Structure formats: C-alpha cells, structure tokens
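**Q** What follows is each chain in one-letter form.
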Amino acid sequence: QQQVKQSPQSLIVQKGGISIINCAYENTAFDYFPWYQQFPGKGPALLIAIRPDVSEKKEGRFTISFNKSAKQFSLHIMDSQPGDSATYFCAASITGNQFYFGTGTSLTVIP
Amino acid sequence: EADIYQTPRYLVIGTGKKITLECSQTMGHDKMYWYQQDPGMELHLIHYSYGVNSTEKGDLSSESTVSRIRTEHFPLTLESARPSHTSQYLCASSESGRGGANVLTFGAGSRLTVL
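Chain order of the listed sequences is A and B.
Going by the numbering used here, the first sequence opens with residue 19, and the numbers climb by one from there.
Going by the numbering used here, the second sequence opens with residue 124, and the numbers climb by one from there.
Read the hints as simulated data drawn from the structure, not as lab findings.
No experiment lies behind these values; they were computed from the predicted model shown.
Possibly wrong hints are sitting among the right ones.
[Stated by the list, open to error] Think about it this way: if two alpha-carbon atoms lie no more than 25 Å apart in a straight line, the pair counts; the simulated SDA-like pairs of lysine to any residue are: (1) LYS60/A with ASN176/B; (2) LYS23/A with SER184/B; (3) LYS89/A with GLY101/A; (4) LYS141/B with SER203/B; (5) LYS23/A with PRO129/A; (6) LYS75/A with GLY59/A; (7) LYS60/A with GLU218/B; (8) LYS75/A with GLU218/B; (9) LYS23/A with LYS141/B; (10) LYS86/A with LYS60/A.
[Said to hold, decoys possible] A few chain A residues that don't get close to chain B, going by computed Cβ distances all over 10 Å: (11) GLN27; (12) LYS33; (13) ILE36; (14) ALA42; (15) TYR43; (16) GLU44; (17) GLY59; (18) GLY78; (19) PHE84; (20) LYS86; (21) GLY101; (22) SER111.
From the three backbone atoms N, C-alpha and C, an ideal C-beta is built for every residue, glycine too.
Using the sequences provided together with the hints, build the complete structure.
**A** Next up, the structure:
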C-alpha cells in the first residue's frame, strides 16, 4: 500500500509561473515531510522540509504548505525557472527513520 | 568534500551473472540505505543499515544482499542477475540523532540492465 500519494505525475509551467505539487498521507505518526529534487543523472537532493507543528515553511522561491487535518502537504515554486525543471518527490518519515516517498512529479518549465 | 559515491554508474550484463554495486560515503554517517527507483514509481527501500554489522531488509522484497563491514562502505550484491532486476539503484546515508537523521544524502545511482 502506497504510504504517500503524489500528484500530478507531470507538470508543464511557463517561466515565471507557479508550480504546485500535492501530496497526501494516511499515517498520522509521520512527523517529518521533506521534498527532494532530482535532476537527470543525479540522485535526489533535499530541497525543503517541514514538521507538522507548522503550517507553512518558505525558503526562497520554494514553499511547503501543510494541512494536518486534511493530511495533505504541497510544494509551491514561485516564479518558476527553466533551471527548476526536474523530478520532485515528496516523502514522509517517522522520527527520521524509514522514509516513504511519493511517485514523483516531472516538472518542465518552458521559457 | 563529504559525499556519497556509487560505482558503477551504468552496468549492462547477461542473465545469471553475479554483480556488486558499490557505495561509499565520506561523511561518517551511521545509517545507510539502498533504494530501488523505477520510472513513475516511488523510491522503494530494499535494504538499510544502522551501523557496522547491522543490516535489515526494507519494505520491497529483493533477492539482493548487503553487507556493512565498515562504516563508510555498503555494497549490494546480486548472486544471479535476472531481467527483472533491471532498475536504478540509489544508495543513501544519514546521521543518527533526530536532527541529522532527517536528511538523506543520495548517491548519483547505479543503473543496472540485465539482458
């Protein structure tokens, strides 16, 4: 059973637009929700992360919105740039041990 | 520079061959992991280790085996490769402790093709 459900599978956004990727989970024991960014030929790299005691975290153009009651969290990329084109994975973990990943979203930002 | 290295990056072999995917990290992390990545699928944990001489199987059943004789080294072995083993294998590591344990550092991956 998939622990973390991610959508959409792919996303095409114009340069300067907002990219939004959504994830949902069921296990209320999850206490850490990171987003990973993966470029072709590279391994995933931590982009931004949030704990369930806050509803939003912002780092530069990247923001995580977290809705604990709905068990959903999303990544917003403001002013999307062609260099943001990559695959994005959401994940969830319990006390930093086993991580459960979403299926990934392939983002393409067109100039 | 602290990093995690995987070799080979690409491997094409015939059915029945024995292969070992190497993974080494220079960060002194206690925890190491092997994930399997296929297109359009979530990363599946196949093996993990929380320290030397400690290895466990992950959620995804795998015919591969691992060893952890040294902190920095976590190789994965397939005794007899089959086409169903064709996949991308990602090695990762993290620190112990609540703060560091939440950051997985991944290698660039080993793409295995079994003919």
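**Q** Hint by hint, say whether it matches the structure.
**A** For each hint, the structure was consulted:
Taken as a hint, the LYS60/A and ASN176/B pair is broken in the structure, with Cα atoms around 29 Å apart against an allowance of 25 Å. Between LYS23/A and SER184/B, the direct Cα distance comes to roughly 21 Å. Compliance with the 25 Å bound is thereby established for this hinted pair. Pair hint LYS89/A plus GLY101/A does not hold up; C-alpha atoms about 30 Å apart against a cutoff of 25 Å. Of the pairs offered as hints, the one joining LYS141/B and SER203/B holds, with about 5 Å between alpha carbons and a cut-off of 25 Å not exceeded.
A distance of roughly 29 Å separates the Cα atoms of LYS23/A and PRO129/A; the hinted pair therefore is violated under the 25 Å criterion. Among the hinted pairs, LYS75/A with GLY59/A is inconsistent with the structure: their alpha-carbon atoms are about 28 Å apart, more than 25 Å. With a CA separation close to 21 Å, the supplied pair LYS60/A and GLU218/B stays within the 25 Å bound. Proposed proximity of LYS75/A and GLU218/B is supported: the alpha carbons are some 23 Å apart, at most 25 Å.
Pair hint LYS23/A plus LYS141/B does not hold up; C-alpha atoms about 35 Å apart against a cutoff of 25 Å. For the given pair, LYS86/A sits about 32 Å from LYS60/A by alpha-carbon distance, which is inconsistent with the 25 Å threshold. Not every CB of chain B is more than 10 Å from the CB of GLN27/A (nearest about 7 Å), against its label as outside the interface. Even its closest Cβ contact with chain B, about 26 Å, leaves LYS33/A beyond 10 Å, as expected for a residue assigned away from the interface.
The Cβ of ILE36/A lies farther than 10 Å from every Cβ of chain B, with a closest approach of about 24 Å, so its non-interface assignment holds. The claim that ALA42/A is not at the interface with chain B holds, since no C-beta of that chain comes within 10 Å of its own (minimum 13 Å). At the 10 Å boundary, the C-beta of TYR43/A stays outside the reach of chain B, the nearest C-beta of that chain being 12 Å off. Interface exclusion of GLU44/A from chain B stands, the closest Cβ pair being 14 Å apart, more than 10 Å.
In this structure GLY59/A is not separated from chain B by more than 10 Å, as the shortest Cβ-Cβ distance comes to only about 7 Å. The claim that GLY78/A is not at the interface with chain B holds, since no C-beta of that chain comes within 10 Å of its own (minimum 18 Å). Its beta-carbon lying about 15 Å from the closest one in chain B, PHE84/A satisfies the requirement of being farther than 10 Å from that chain. The claim that LYS86/A is not at the interface with chain B holds, since no C-beta of that chain comes within 10 Å of its own (minimum 18 Å).
Every CB of chain B is more than 10 Å from the CB of GLY101/A (nearest about 19 Å), matching its label as outside the interface. Against the 10 Å criterion, SER111/A falls within the reach of chain B, whose nearest CB is about 7 Å from its own CB.
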